[in-house]
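Could you build the full structure based on these sequences and the hints that come with them?
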Amino acid sequence: MNNGIVITDSGKFENIINNFNNAIVNIEKVFENENNNFKKIDSTDLWSSDLQKCITNKYNELSRNYGDIDDALKTLSNFMKNTLDAYKRLEDKLQSDMTDNNEQLDVNS
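Every number in our numbering is 37 more than the matching position in the sequence shown, counting from 1.
Check before you lean on any hint, since a few could be wrong.
Here are the simulated distance ranges between beta carbons [said to hold, decoys possible]: (1) N115 with K90: 34 to 40 Å; (2) S114 with K76: 25 to 31 Å; (3) T112 with S85: 24 to 30 Å; (4) S100 with N58: 17 to 23 Å; (5) K76 with K49: 23 to 29 Å.
Derived DSS-like pairs (lysine-lysine); straight-line CA-CA distance at most 27 Å [unchecked claim]: (6) K111 with K125; (7) K66 with K125; (8) K95 with K66; (9) K76 with K95; (10) K118 with K130; (11) K111 with K66; (12) K77 with K66; (13) K49 with K130; (14) K77 with K95; (15) K125 with K49; (16) K49 with K111; (17) K76 with K90; (18) K95 with K118; (19) K49 with K77; (20) K49 with K76; (21) K76 with K66; (22) K118 with K49; (23) K90 with K77.
None of these hints come from the bench; they were simulated from the model. Even for Gly, the Cβ is constructed at its ideal location relative to N, Cα and C.
Written as structure tokens, this is what we have:
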């Protein structure tokens, strides 16, 4: 069983990280926009009903947990980026070592 991380295509993995980060930004924008909308609704008599109160309460429940969700998503994103960076450094080191070994073999030939 291999518990190590194997990245077969660092370019694709980097795209996944970038897409993930873009999704985090989009989620932040949604919460910001919805928060503004709910503030407008709550501060006016534009809409008042049991359904509005239910929706507002559900949104408030979700938004209370948003900070933790946002932190977890950013932590995962940082982990993926750090993993990719470490993988690239290792790949570069192995390539350098292989080049050095090949040069050494050429000298000894």
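Right, here's what the structure says about each hint:
1. The given range of 34 to 40 Å is respected by N115 and K90, whose C-beta atoms sit roughly 38 Å from each other.
2. Taking 25 to 31 Å as the suggested C-beta distance range, the pair S114 and K76 conforms, at roughly 29 Å.
3. Distance hint check: the CB atoms of T112 and S85 are about 39 Å apart, inconsistent with the given range 24 to 30 Å.
4. A hinted range of 17 to 23 Å holds for the C-beta pair S100 and N58, which are about 21 Å apart.
5. At about 41 Å, the beta-carbon gap between K76 and K49 misses the expected band of 23 to 29 Å.
6. Among the hinted pairs, K111 with K125 is consistent with the structure: their alpha-carbon atoms are about 21 Å apart, no more than 27 Å.
7. For the hint pairing K66 with K125, the CA-to-CA distance comes to about 32 Å; that exceeds 27 Å, so the pair is violated.
8. Under the criterion of a C-alpha separation no larger than 27 Å, the hint pairing K95 with K66 is consistent with the structure, at around 18 Å.
9. Simply put, K76 and K95 have alpha-carbon atoms about 14 Å apart, close enough for the 27 Å limit, and the pair holds.
10. Distance restraint check for K118 and K130: the Cα-Cα separation of roughly 18 Å lies within the 27 Å cut-off, and the hinted pair is therefore satisfied.
11. For the proposed pair K111 and K66, the alpha carbon gap of about 15 Å is at most 27 Å, so the pair holds.
12. Of the pairs offered as hints, the one joining K77 and K66 holds, with about 17 Å between alpha carbons and a cut-off of 27 Å not exceeded.
13. At roughly 21 Å between alpha-carbon atoms, K49 and K130 fall within 27 Å of each other, so this suggested pair holds.
14. Between K77 and K95 the alpha-carbon distance is near 17 Å, which keeps this suggested pair within the 27 Å criterion.
15. Between the alpha carbons of K125 and K49 the distance comes to roughly 13 Å, so the proposed pair stays at or under 27 Å and holds.
16. Pair hint K49 plus K111 holds up; C-alpha atoms about 19 Å apart against a cutoff of 27 Å.
17. Taken as a hint, the K76 and K90 pair is honoured in the structure, with Cα atoms around 13 Å apart against an allowance of 27 Å.
18. Taking the CA atoms of K95 and K118, the gap is near 33 Å; set against the 27 Å cutoff, the hint is violated.
19. Using a Cα cut-off of 27 Å, the hinted pair K49 and K77 is violated, with the two alpha carbons roughly 42 Å apart.
20. With a C-alpha separation of about 40 Å, the suggested pairing of K49 with K76 is violated against the 27 Å cut-off.
21. The hinted pair formed by K76 and K66 meets the criterion: a straight-line CA distance of about 15 Å does not exceed 27 Å.
22. The hinted pair formed by K118 and K49 meets the criterion: a straight-line CA distance of about 12 Å does not exceed 27 Å.
23. Restraint check: the Cα-Cα separation between K90 and K77 comes to about 14 Å, which is no more than 27 Å; the hinted pair holds.
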